[in-house]
Amino acid sequence: MSPRRVVSPEEVFFRGVWRENPVLIQLLGLCPALAVTNTVANSLAMGLATFFVLVGSSTLVATFKRFIPREVRISAYILVIATFVTIADLVLNAVVPEIHRALGAFIALIVVNCMILGRQEAFASKQPVGRAILDAAGTGLGFIVALLMMGGLREVLGYGSFLGVPLFGPSFEPWIVMILPAGGFFALGFILLLFGWWAERKKEPVRPRRWPHGVTTEVFVGEGGAD
Amino acid sequence: MGDLLWILVSAMLVNNFTLMLFLGLCPFMGVSARVSTALRMGGANIFVLVITSMVASFLNAYVLPFAPYLRLISFIVVIASLVQIVETVIKKVSPALFRELGIFLPLITTNCAILGLAIFQTNRGYDFVEGLFYAIGGGLGLTLALVLMASIREQIEVADVPAMARGMGLVLIIAGSLSLAFMGFAGLFTS
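Residue numbers (my numbering), protein chains in the order written: chain A, 843 to 1069; chain B, -2 to 188.
Worth flagging that the hints you see were computed from the coordinates, not collected in a lab. Keep in mind that this is a model prediction, so the values were computed, not measured. A few of these clues could be false.
[Claimed, not checked] Label-pair distances were calculated between CB atoms; the ranges are:
#1 A:890 <-> B:58: 46 to 54 Å
#2 A:1012 <-> B:78: 24 to 32 Å
#3 A:862 <-> B:64: 18 to 26 Å
#4 B:63 <-> A:1010: 51 to 59 Å
#5 B:27 <-> A:1010: 36 to 44 Å
#6 A:1039 <-> B:27: 47 to 55 Å
#7 B:164 <-> A:1018: 38 to 46 Å
#8 B:184 <-> A:1015: 38 to 46 Å
#9 A:860 <-> B:63: 27 to 35 Å
#10 B:159 <-> A:1009: 37 to 45 Å
C-beta atoms are modelled at their ideal positions from N, C-alpha and C, and glycine is treated no differently.
Please build the complete structure, drawing on both the sequences and the hints.
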């Protein structure tokens, strides 16, 4: 189709899981990633629901891409996504009502998860069905991985438990802040800082700047190495 | 009147859409680099929020009692087409305003704050006027968070930040601190 290099099916799947992880690298779909990840169980339910919606709508969009007029494609994608979210909402309510209550309105808000619409627009609407499913499954898995990282971090620190099983015994003082809204920002922030640190340590060490740094750097790092 | 004021202040500060409920994070992260753009984005958001609230009240009163399972689909379709209409109308009526809001209007469609407002308003059973105050409060809160963030980020640009923190990691930590600060507003209504 295009002269770009051929992407193997494995790469289509795995790049969404880690190298182009929707939450940790692309920072898409942050609303659910921050809002409902205060416990591992909630994260898992939200991750699975999003995975289902993403794979379902990618399959449908890739199948019917020839019949969707370009002018109304975004509305068409949103309609498809909203249908699958309604299904997920009703199923969760029937199977695990207490988790459905905990997630609340955020199940419905999967509709406006930019990650899902982004995959439709960038991939499913241009590629064959099989690849679209692979891509959706990879991205969905990456979303689950990111949510579980966040949920694990927040539950272990905030409740001192994992999946409801206490880890540290009675003398542990839980970090209440991690289960509050602020904790969501902090958890993702710390994970990103960790990634930044990891990326930095692989690079060349930075030469320390001379003493009055931050004031007039140009004078010291000017051409010809005046310093 | 007291009730309405409570709804307004609660939506703006205590349950701030962005910092407490995580709604509208995409613009919060995406267009909070400059105070001027943040203000415009906030304005566009308030505008769409108010219109959405009115339409959601109408749908709740006249359409959805007959088909409750269509709630989500009808909300999102109405919001998407509404933004489209608003964009066209503004372009026709006030080209200057259109240039100001620019790309922000279409972006708003996939802003969780808009759909979130419609759903929360329905869940809490707000009537037309209450919904209107909720929308204005929520929009003001969103703008407040955006502008706060943008002014901090303008300062960061000239600061000497460690290499590993360049990028979104630091922005998220700041957002967390802002969120902690906003928790203080929870004490406003206890007396």
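Evaluated hints:
1. A:890 <-> B:58: 46 to 54 Å: Cβ of residue 890 of chain A to Cβ of residue 58 of chain B: about 35 Å, so the range 46 to 54 Å is violated.
2. A:1012 <-> B:78: 24 to 32 Å: violated (56 Å)
3. A:862 <-> B:64: 18 to 26 Å: With a Cβ separation near 39 Å, residue 862 of chain A and residue 64 of chain B fall outside 18 to 26 Å, so the hint is violated.
4. B:63 <-> A:1010: 51 to 59 Å: holds (53 Å)
5. B:27 <-> A:1010: 36 to 44 Å: For residue 1010 of chain A against residue 27 of chain B, whose Cβ atoms are near 39 Å apart, the range 36 to 44 Å holds.
6. A:1039 <-> B:27: 47 to 55 Å: Since the Cβ atoms of residue 1039 of chain A and residue 27 of chain B sit about 24 Å apart, the hinted range of 47 to 55 Å is violated.
7. B:164 <-> A:1018: 38 to 46 Å: violated (28 Å)
8. B:184 <-> A:1015: 38 to 46 Å: The hinted range 38 to 46 Å is violated for residue 184 of chain B and residue 1015 of chain A, with Cβ atoms some 23 Å apart.
9. A:860 <-> B:63: 27 to 35 Å: violated (47 Å)
10. B:159 <-> A:1009: 37 to 45 Å: About 32 Å separates the Cβ atoms of residue 159 of chain B and residue 1009 of chain A, which means 37 to 45 Å is violated.
The structure shown violates the earlier hints numbered 1, 2, 3, 6, 7, 8, 9, 10.
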